[in-house]
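Heads up: the sequence lines are chains A and B, in that order.
Heads up, the first sequence is in this note's numbering, so the first residue is 15 and it goes up one at a time.
Heads up, the second sequence is in this note's numbering, so the first residue is 19 and it goes up one at a time.
Bear in mind the hints are in silico, worked out from the structure with no lab data behind them.
Fair warning: there could be bad hints in the mix.
When the alpha-carbon atoms are kept at most 30 Å apart in a straight line, the in silico DSS-like pairs for lysine-lysine are as follows [stated by the list, open to error]: (1) K82(A) <-> K80(B); (2) K70(A) <-> K84(A); (3) K45(B) <-> K69(B); (4) K70(A) <-> K45(B); (5) K117(A) <-> K81(A); (6) K70(A) <-> K80(B); (7) K62(B) <-> K82(A); (8) K50(A) <-> K84(A); (9) K80(B) <-> K69(B); (10) K70(A) <-> K69(B); (11) K84(A) <-> K45(B); (12) K70(A) <-> K82(A); (13) K62(B) <-> K81(A); (14) K69(B) <-> K50(A); (15) K89(B) <-> K117(A).
Now the stretches of chain A that chain B is said to cover, found in silico as 3 or more residues with beta-carbon under 8 Å [stated by the list, open to error]: (16) 24-37; (17) 112-119.
Covered stretches of chain A (in silico footprint by chain B; criterion: 3 or more residues with CB under 8 Å from a CB of chain B, positions within the stretch not fixed) [claimed, not checked]: (18) 58-68; (19) 94-107.
We put the beta carbon where it would ideally sit given N, CA and C, even for glycine.
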Amino acid sequence: GEDVEQSLFLSVREGDSSVINCTYTDSSSTYLYWYKQEPGAGLQLLTYIFSNMDMKQDQRLTVLLNKKDKHLSLRIADTQTGDSAIYFCAENNQAGTALIFGKGTTLSVSS
Amino acid sequence: NAGVMQNPRHLVRRRGQEARLRCSPMKGHSHVYWYRQLPEEGLKFMVYLQKENIIDESGMPKERFSAEFPKEGPSILRIQQVVRGDSAAYFCASSQRDSYGGPNEQFFGPGTRLTVL
Numbered sequence: 015g016e017d018v019e020q021s022l023f024l025s026v027r028e029g030d031s032s033v034i035n036c037t038y039t040d041s042s043s044t045y046l047y048w049y050k051q052e053p054g055a056g057l058q059l060l061t062y063i064f065s066n067m068d069m070k071q072d073q074r075l076t077v078l079l080n081k082k083d084k085h086l087s088l089r090i091a092d093t094q095t096g097d098s099a100i101y102f103c104a105e106n107n108q109a110g111t112a113l114i115f116g117k118g119t120t121l122s123v124s125s
Numbered sequence: 019n020a021g022v023m024q025n026p027r028h029l030v031r032r033r034g035q036e037a038r039l040r041c042s043p044m045k046g047h048s049h050v051y052w053y054r055q056l057p058e059e060g061l062k063f064m065v066y067l068q069k070e071n072i073i074d075e076s077g078m079p080k081e082r083f084s085a086e087f088p089k090e091g092p093s094i095l096r097i098q099q100v101v102r103g104d105s106a107a108y109f110c111a112s113s114q115r116d117s118y119g120g121p122n123e124q125f126f127g128p129g130t131r132l133t134v135l
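Next up, chain B with everything else stripped away, as it sits in the complex (with noise of 0.2 Å):
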């Protein structure tokens, strides 16, 4: 059973550009979850999807972040206009079921590290 994946692991660009970054959850794995670590920092949430669905985007800056998670096909975090602070590790993490309950046993994926120029 493959775990989380994400795609690219390593990722360059140019300030102003744009950056999309992939993740396909754990199978049979509904909830997602993208995380930013910036260097010596732990993780921090950034937003929390159901397929099809936004449930919390707390976590998330109000421009030039977005997310998605389709009925098929992988998560996608997407970054435009790119600036150098952007520069971090982004985690996915997949999970069966939300916390209500239980624990929140998120499984999560290696990483994207996206390198702002």
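So here's chain A without its partners, still in its complex pose (with noise of 0.2 Å):
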């Protein structure tokens, strides 16, 4: 079945790069997404990248996709303290009816 896997924590200092990382296991994933969640919010969507491309670069955001491998990531460059959230990742189920998420990663950003 489908299935979202990512690391629960990750802690920079501001101004590093951060890099959340996420597997996911179905290969017919058409398009992938990466949202942020800031506390007591519901989800904003951050970029989203088709999965017959390898990169996608937005501002500070740049998301590289591993369809060998199923994997994803999200690079925050320059990272700011208004960077701390928690972040999914998410694809497409099968039927293209819904999201299937990740557990998110917490980023915690120290001045």
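Make one complex out of these two single chains by using the hints.
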């Protein structure tokens, strides 16, 4: 079945780069997504990548996709304290009717 | 353009009572999704609806849970005879189109945090 795995915690210093990793199981996923959740809030779509792409860059965010290994990563350059949040990786379910989320990676940024 | 609205933001119920959670999608969106987030867990899909139709309810518990998205008004997630295990954050998302041929860009509401005493 579909499953998405993420490491649970990441701690970085302000100004450093953060790399959040994710593995997924469904090789037929056409899109993969990164969402951000701040405390007490809903999820905010950060970016997504089409499965035939290796990389997508959007300002401080870089998404890398290794389709062979089913590995997705999100790199945040020049990490700021405002980036502290939970980051979720997600893929479409096989029916295309919903998103399958990982458990989330809590990013803690210290100044 | 208002985002996805959910109310109430916090709901407290005693065991055996009913909980009704409401979701108003973004303007122009006709697809609504409900997810449940247990403490320290990711979001789990519950149900996907379009106006007046349930498209996929494969994530809904078989008993006590129901959802609707009427022609007029918000989508409702209804939990009858709540138990302590129903305590969670319930998120609604909406999208303009389904994922067939394109990304399923879902926009999330702030969630309803249900506490069952």
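Do the hints match the structure? See the list:
Between K82(A) and K80(B) the CA atoms are separated by roughly 37 Å; this puts the pair beyond 30 Å, and the hint is violated. Between K70(A) and K84(A), the direct Cα distance comes to roughly 16 Å. Compliance with the 30 Å bound is thereby established for this hinted pair. Between K45(B) and K69(B) the alpha-carbon distance is near 13 Å, which keeps this suggested pair within the 30 Å criterion. Of the pairs offered as hints, the one joining K70(A) and K45(B) holds, with about 29 Å between alpha carbons and a cut-off of 30 Å not exceeded.
Pair hint K117(A) plus K81(A) holds up; C-alpha atoms about 21 Å apart against a cutoff of 30 Å. Of the supplied pair hints, the one linking K70(A) and K80(B) is violated, its CA atoms being roughly 40 Å apart against a limit of 30 Å. Straight-line distance between C-alpha atoms of K62(B) and K82(A) comes to about 26 Å, which keeps the hinted pair within the 30 Å bound. Between K50(A) and K84(A), the direct Cα distance comes to roughly 21 Å. Compliance with the 30 Å bound is thereby established for this hinted pair.
Under the criterion of a C-alpha separation no larger than 30 Å, the hint pairing K80(B) with K69(B) is consistent with the structure, at around 22 Å. Distance check on the hinted pair: K70(A) and K69(B) sit about 34 Å apart at the alpha-carbon level, beyond 30 Å; violated. Taken as a hint, the K84(A) and K45(B) pair is broken in the structure, with Cα atoms around 35 Å apart against an allowance of 30 Å. As the CA atoms of K70(A) and K82(A) are separated by approximately 17 Å, the hinted pair is consistent with the 30 Å bound.
Of the pairs offered as hints, the one joining K62(B) and K81(A) holds, with about 24 Å between alpha carbons and a cut-off of 30 Å not exceeded. As the CA atoms of K69(B) and K50(A) are separated by approximately 28 Å, the hinted pair is consistent with the 30 Å bound. A C-alpha spacing of about 34 Å is found between K89(B) and K117(A), which places the hinted pair above 30 Å, so the restraint is violated. Three residues within the 8 Å Cβ limit are the bar, and the region 24-37 of chain A against chain B gives 0, so the coverage statement is violated.
Chain B is given as covering the region 112-119 of chain A, and this holds because 7 residues of the stretch bring a CB closer than 8 Å to a CB of that chain, at least three being needed. With 4 residues carrying a beta carbon less than 8 Å from a beta carbon of chain B, the region 58-68 of chain A meets the three-residue requirement, and the given coverage holds. Coverage of the region 94-107 of chain A by chain B holds [criterion: at least 3 residues with CB-CB distance below 8 Å; count 3].
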